[in-house]
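S.K.: Input sequences plus hints: build the corresponding full structure.
Take a look at the letters that make up each chain.
Protein chains: 2
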Amino acid sequence: MGQKPITFIRQVVAICTYPNLLCDHTVPEDARQRAERILNNCGGKSIGAYTASQGIECIRQDVAKYIETRDGGIPSDPNNIFLSTGASDAIVTTLKLLVSGEGSSRTGVMIPIPQYPLYSAAIAELNAVQVNYYLDEDNCWALNIEELRRALSEARSHCHPKVLCTINPGNPTGQVQSRQVIEDVIRFAAEESLFLMADEVYQDNVYAEGCEFHSFKKVLFEMGPQYSNTVELASYHSVSKGYMGECGYRGGYMELINLDPDVRVQLIKLLSVRLCPPVSGQAVLGVITNPPQPGEPSYEKFIKEKKHVLNCLAERARLTEQVFSGIPGIHCNPVQGAMYSFPRIEIPPKAIEAAQTVGQTPDMFFCMKLLEETGICVVPGSGFGQREGTYHFRMTILPKTEKLKILLNRLKSFYQTFTEQYS
Amino acid sequence: MGQKPITFIRQVVAICTYPNLLCDHTVPEDARQRAERILNNCGGKSIGAYTASQGIECIRQDVAKYIETRDGGIPSDPNNIFLSTGASDAIVTTLKLLVSGEGSSRTGVMIPIPQYPLYSAAIAELNAVQVNYYLDEDNCWALNIEELRRALSEARSHCHPKVLCTINPGNPTGQVQSRQVIEDVIRFAAEESLFLMADEVYQDNVYAEGCEFHSFKKVLFEMGPQYSNTVELASYHSVSKGYMGECGYRGGYMELINLDPDVRVQLIKLLSVRLCPPVSGQAVLGVITNPPQPGEPSYEKFIKEKKHVLNCLAERARLTEQVFSGIPGIHCNPVQGAMYSFPRIEIPPKAIEAAQTVGQTPDMFFCMKLLEETGICVVPGSGFGQREGTYHFRMTILPKTEKLKILLNRLKSFYQTFTEQYS
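Which chain is which? The protein sequence lines are A and B, in order. No gaps in the numbering here: position 300 of the first sequence is 332 in our numbering, and each next residue is one more. No gaps in the numbering here: position 399 of the second sequence is 431 in our numbering, and each next residue is one more.
Keep in mind that the hints were calculated from the coordinates and are not lab data. Accuracy of the hints is not assured; some may be wrong.
Since the list gives no way to pick out one identical chain from another, each pair is judged satisfied if it fits inside one copy or across any two copies.
DSSO-like cross-link-like pairs, simulated, lysine-lysine; straight-line CA separation at most 30 Å [as the list claims (entries may be wrong)]:
{"id": "1", "residue 1": "Lys382", "residue 2": "Lys338"}
{"id": "2", "residue 1": "Lys128", "residue 2": "Lys444"}
{"id": "3", "residue 1": "Lys401", "residue 2": "Lys435"}
{"id": "4", "residue 1": "Lys77", "residue 2": "Lys333"}
{"id": "5", "residue 1": "Lys437", "residue 2": "Lys77"}
{"id": "6", "residue 1": "Lys77", "residue 2": "Lys339"}
{"id": "7", "residue 1": "Lys77", "residue 2": "Lys432"}
{"id": "8", "residue 1": "Lys77", "residue 2": "Lys435"}
M.R.: Structure below.
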């Protein structure tokens, strides 16, 4: 999408790859220091060696410090940090640990609808039961506790709900959860003995004024020992999102709170089967959690590049919302965070009929027509789940602003033609 | 273990990581060309972007060409190549596709004993049935077709055997299968309608005179269309072994032959859940399958480094066998290939009793004592499986020759003291 990699990240990883560059004085000193520290913590000082299954220790320490800083000093234990092959790997691994049973004792996993399809795919693969709770579109996709209660109570008739997943900021819905909602969710999980999985991979991607990212970990500990000593929580982060966007490196981590020590032993065993996460991805994570500090040679450039990416994304989030709000028949909540808009679209009855004749869902029909006629590729809402009778699509805000303007206007014209054609 | 990375591999991956190095003329031109080609095949010319789930197309083409060259011109189709996160990921993914059923219809997976524990772990995780066939220790760990027949026939009473796994060169057993055995195994798989999984990650690690690596793919095609059009075969390779030893990059591939097109669709779906294999690992694989050619600036250095690693390993394989053969009570087959010796050791009855009192298997008891008293870490045979009443351990041949000599002699003295102590 044209987003340039952060120079400092790539410098450190390049040196780790080819340590001859440690002597290259065109590379800044702080990059060389970071690389040397990582290499000193690798077997044979090489990122080609296997690491511990849990990840390189000094990087887990960096992650823990990073979490402490993020959460205003609430302690984080490197032993609770597990590095992973992107967040997906960690999420699937957690589900593997939690899922069991057959028939009506099968594990129920509560997921938001709309959801990121990794969840539905992993739940299906593990033969668990998907328990949908609907986000409140009329309230900017907020999580509603009454809806959680409804979903849980209905699910208890046919499965054993044990896990509650939440995505904050939301994918594909882009909402940022308020501190109050997070507190309510934690209280609900505590009352109902649910394992909380908090997908927080978009924690750096918050754009809307008045919105702020609150980690589940922080809120949990602020609620006091009654909660922080009992609620089981997994939180996920990734190098693929934020300002770094280093998806190809497949780096990430999870922090596990209040995990039963016996379960931890099984987790380590499970992780050791796949040996270790890619070490270059671990190195990227190491840079992100131990970035240049004021006074270091790379600090200003790093901050400038980081701010540039995040400012551009914020601009595009506003632009997207603005254009969509101006199109009759389209309703789009503010893109408070993450990287997507998820507008609701009205689809005329004749288009719904036309979709049926070709065996497509109406939103898929719309998206295919859009692709065929404009070359714009968006993902139909049915891929994420949506309330019956409503139609959406997910569109990324990643294209450069000038390009995004063109895309949005082309989409606008197309939608107008489409609705006229099928009216 | 002190094995130095191959310079050319790291140069190419460093340039892919930090493309400013494309202008660095201290890096050889062929490395820059390889990196540029890989980058041109990445989204936004960045290895930070997701790739296709199946892997970067130009690297799949390189892999296919590499296989063709290896197999004397037998064609390989890039569409049959799937890049993976190390070989382990590809092996587990294949098993996921093949395993189904409940009760006595559960899928049986035939694996050699001794085996690499990835297989037993994945089979357990997927709730399949492990069907053991024993390698013939008295015949240098050869695979015996009669034993395959026995194992299959016994398994049919309680499960549905569908998969036959083979590891060549063997891990932990180090044998290199003869062409004749491979042909027999393929014929057996064809007769019994078994899906063949050929773990060939040690294909570059063949040391013994008179031994040669024959790929299952090559033998299959040489047996003619009756076999090559029907037998379903998956073959695995990795960047973690061979002369490269780049385990930390988690790169690998599988080639799938005669896969049902409908199953292929499901495979792609399954792979897309985990997005893509780490791109730096894909790049390492790209270098290995498209190495410097005669006349290119890096050719001589590359060949020299490659030969050095393989010659050292061959020397250590011989040294290991030689020292172990001189120890009464230890029997060690020749290390024909791979990276391990797997000697059988006699354990005195009193040591077996002592092991029982501490709740350990006798080989684990031996290995723990060895570790405690000498600092040498070897893996007990019970971790890999062995015929009842026999005891083994796996020891890597990776340490530098001088160090390995010291280790082997220390192990020798320890074994003598151990047997005296418990006699």
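S.K.: Hint by hint, which ones does this structure get wrong, listed from lowest number up?
M.R.: 1, 2
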